[in-house]
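J.: Residues per chain are reported as follows:
There are 2 protein chains.
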Amino acid sequence: MRKTRQERRGLLIVNTGNGKGKSTAAFGMVLRAWGRDMRTCVIQFIKSEKGQWGEIKAAKKLGLEWHITGDGFTWDSKDLDETAARAIHGWELAKEKIASKMYELIVLDEMTYAFQFGWLKIGEVMAWLAENKPADLHLVITGRDAPQELIDAADLVTEMSPVRHPFDKGIYAQPGIEY
Amino acid sequence: MRKTRQERRGLLIVNTGNGKGKSTAAFGMVLRAWGRDMRTCVIQFIKSEKGQWGEIKAAKKLGLEWHITGDGFTWDSKDLDETAARAIHGWELAKEKIASKMYELIVLDEMTYAFQFGWLKIGEVMAWLAENKPADLHLVITGRDAPQELIDAADLVTEMSPVRHPFDKGIYAQPGIEY
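Same order as they appear, the protein sequences are chains A and B. The first sequence begins at 187 in this note's numbering and counts up by one. The second sequence begins at 187 in this note's numbering and counts up by one.
Do not rely on the hints blindly, as some may be mistaken.
No more than 27 angstroms apart at the CA atoms, straight line, and that leaves these computed lysine-lysine pairs for DSSO-like [stated by the list, open to error]:
id, chain 1, residue 1, chain 2, residue 2
1, B, K319, B, K281
2, B, K247, A, K246
3, A, K243, B, K283
4, A, K287, B, K243
5, A, K247, B, K247
6, A, K307, A, K281
7, A, K319, A, K307
8, B, K281, A, K247
9, B, K243, A, K246
10, A, K246, A, K307
11, B, K243, B, K307
12, A, K246, A, K283
13, A, K246, B, K246
14, B, K319, B, K287
15, A, K287, A, K319
16, B, K307, B, K319
17, A, K243, B, K243
18, B, K246, B, K281
19, A, K287, A, K307
20, B, K281, A, K287
21, B, K281, B, K307
22, B, K307, B, K246
23, B, K283, B, K319
24, B, K247, A, K283
25, B, K247, B, K307
26, B, K287, A, K243
27, A, K247, B, K246
28, B, K307, B, K283
29, A, K307, A, K243
30, A, K287, A, K247
31, B, K283, A, K247
32, B, K287, B, K246
33, B, K246, A, K243
34, B, K281, A, K283
35, B, K247, A, K243
36, B, K281, B, K247
37, A, K319, A, K283
38, A, K247, A, K281
39, A, K247, B, K287
Everything labelled a hint here was simulated from the structure, so no lab data went into it. Keep in mind the model is a prediction, meaning the values are calculated, not measured.
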């Protein structure tokens, strides 16, 4: 049976790959959802709250709910136990937000790294989501090397691949574009 | 010589491929740039202003400069000459905005289709950009099948590829996510 265009269905969306645009496309979805007065929440697993991120400045200006649970691990973490504890805290926070049924779109940004580094177990996370994700919640998970279990369970998976990157030309990351 | 992190350099950015996230990542950049109080402008080449797009609702709420020059060609255009004329008008408007030096980020959304359908000539567009694009302007062009000349000239090219798409499961496009 074909579903109707009107039917609301909460998607599990994964943006992965080694290219740019994984988080940026998730933020674009947040913008779109905000435009529709949908209730959104972003949890960032890696970035440090000390960073000067364009998206966080925008979130503050918009009054979006935006949590930064990381400590900037990939470039300047000094304590891996602390970084692991932050990832676990991020997932605890995510579970609370998901289970609350208060949101229509939740983004778990750069969560895949927590699987990669062994801070979270994909089997446990997927089992919890299968039990607890509200049917009408759109859940977006971003990051490189998405685990196969996540890809298998997702409704929409996009791989962002670099064709050319400005670092190739010796150009550094540009504010407003990459951060 | 290594460039410094502080150096501002306007990038030519292309989001292409058959997957989701090409336009959405461009809108995420607009959100990020807006967060930094950068002057932005979006020109959409294909979408009809009659459509109910989440990003357009968001743009209106934010007071972003957002032009819709298309008539929804890919799904309901009834007059191809009119559609071609609109694409040419879109490019005329883009040239005016680019040459004005008033912006730090301009998005030409779904412009590649205008090359694909022969409404615009890639050689002419690239020659004009080489002459006229301000050095500090970030210019983002999105759409499938980006012409090779555009890819060759770009600083950052990302290909978005579908790994899984919800239409595969018979799920229709969801408001706030895909539009």
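J.: Decide, hint by hint, whether the structure agrees.
T.: Verification of the supplied hints:
1. Restraint check for B:K319 and B:K281: the C-alpha separation of about 9 angstroms stays at or below 27 angstroms, so the hint holds.
2. This hinted pair checks out: B:K247 and A:K246 have alpha carbons roughly 15 angstroms apart, not beyond 27 angstroms.
3. Distance hint between A:K243 and B:K283 is fulfilled; the C-alpha atoms sit about 26 angstroms from each other, no more than 27 angstroms.
4. Of the pairs offered as hints, the one joining A:K287 and B:K243 holds, with about 24 angstroms between alpha carbons and a cut-off of 27 angstroms not exceeded.
5. Distance check on the hinted pair: A:K247 and B:K247 sit about 12 angstroms apart at the alpha-carbon level, within 27 angstroms; holds.
6. In summary, the hint linking A:K307 to A:K281 is supported, as the alpha carbons are separated by about 14 angstroms, within the 27 angstroms threshold.
7. As the CA atoms of A:K319 and A:K307 are separated by approximately 17 angstroms, the hinted pair is consistent with the 27 angstroms bound.
8. Under the criterion of a C-alpha separation no larger than 27 angstroms, the hint pairing B:K281 with A:K247 is inconsistent with the structure, at around 31 angstroms.
9. Between the alpha carbons of B:K243 and A:K246 the distance comes to roughly 19 angstroms, so the proposed pair stays at or under 27 angstroms and holds.
10. A threshold of 27 angstroms between alpha carbons decides the hint, and for A:K246 with A:K307 the separation of about 32 angstroms lies outside it, so the pair is violated.
11. For the given pair, B:K243 sits about 32 angstroms from B:K307 by alpha-carbon distance, which is inconsistent with the 27 angstroms threshold.
12. For a cut-off of 27 angstroms, the pair hint linking A:K246 to A:K283 stands: about 19 angstroms separates their Cα positions.
13. Distance hint between A:K246 and B:K246 is fulfilled; the C-alpha atoms sit about 18 angstroms from each other, no more than 27 angstroms.
14. The straight-line distance between the Cα atoms of B:K319 and B:K287 is roughly 9 angstroms, inside the 27 angstroms bound, and the hint therefore holds.
15. Between A:K287 and A:K319 the CA atoms are separated by roughly 8 angstroms; this keeps the pair inside 27 angstroms, and the hint holds.
16. Taking the CA atoms of B:K307 and B:K319, the gap is near 17 angstroms; set against the 27 angstroms cutoff, the hint holds.
17. Simply put, A:K243 and B:K243 have alpha-carbon atoms about 20 angstroms apart, close enough for the 27 angstroms limit, and the pair holds.
18. Under the criterion of a C-alpha separation no larger than 27 angstroms, the hint pairing B:K246 with B:K281 is consistent with the structure, at around 23 angstroms.
19. Restraint check for A:K287 and A:K307: the C-alpha separation of about 24 angstroms stays at or below 27 angstroms, so the hint holds.
20. Note on B:K281 and A:K287: the hinted pairing is violated, with a Cα-Cα distance of about 46 angstroms set against a maximum of 27 angstroms.
21. A hinted pair counts as satisfied when its Cα atoms are at most 27 angstroms apart, and B:K281 with B:K307 qualifies at roughly 14 angstroms.
22. Among the hinted pairs, B:K307 with B:K246 is inconsistent with the structure: their alpha-carbon atoms are about 32 angstroms apart, more than 27 angstroms.
23. Only pairs whose Cα atoms come within 27 angstroms are accepted, and B:K283 paired with B:K319 is accepted, the gap being roughly 10 angstroms.
24. The straight-line distance between the Cα atoms of B:K247 and A:K283 is roughly 26 angstroms, inside the 27 angstroms bound, and the hint therefore holds.
25. Of the supplied pair hints, the one linking B:K247 and B:K307 is violated, its CA atoms being roughly 35 angstroms apart against a limit of 27 angstroms.
26. Between B:K287 and A:K243 the CA atoms are separated by roughly 24 angstroms; this keeps the pair inside 27 angstroms, and the hint holds.
27. Distance hint between A:K247 and B:K246 is fulfilled; the C-alpha atoms sit about 15 angstroms from each other, no more than 27 angstroms.
28. For the hint linking B:K307 to B:K283, the alpha-carbon distance of about 19 angstroms falls within 27 angstroms, and the restraint holds.
29. Only pairs whose Cα atoms come within 27 angstroms are accepted, and A:K307 paired with A:K243 is rejected, the gap being roughly 32 angstroms.
30. This hinted pair checks out: A:K287 and A:K247 have alpha carbons roughly 25 angstroms apart, not beyond 27 angstroms.
31. For the hint linking B:K283 to A:K247, the alpha-carbon distance of about 26 angstroms falls within 27 angstroms, and the restraint holds.
32. Taking the CA atoms of B:K287 and B:K246, the gap is near 23 angstroms; set against the 27 angstroms cutoff, the hint holds.
33. Between B:K246 and A:K243, the direct Cα distance comes to roughly 19 angstroms. Compliance with the 27 angstroms bound is thereby established for this hinted pair.
34. Distance restraint check for B:K281 and A:K283: the Cα-Cα separation of roughly 45 angstroms exceeds the 27 angstroms cut-off, and the hinted pair is therefore not satisfied.
35. As the CA atoms of B:K247 and A:K243 are separated by approximately 17 angstroms, the hinted pair is consistent with the 27 angstroms bound.
36. Between B:K281 and B:K247, the direct Cα distance comes to roughly 26 angstroms. Compliance with the 27 angstroms bound is thereby established for this hinted pair.
37. This hinted pair checks out: A:K319 and A:K283 have alpha carbons roughly 10 angstroms apart, not beyond 27 angstroms.
38. Restraint check for A:K247 and A:K281: satisfied, since their Cα atoms lie roughly 26 angstroms apart, inside the 27 angstroms limit.
39. Between A:K247 and B:K287, the direct Cα distance comes to roughly 26 angstroms. Compliance with the 27 angstroms bound is thereby established for this hinted pair.
Taken one by one, the earlier hints fail for this structure at numbers 8, 10, 11, 20, 22, 25, 29 and 34, listed in ascending order.
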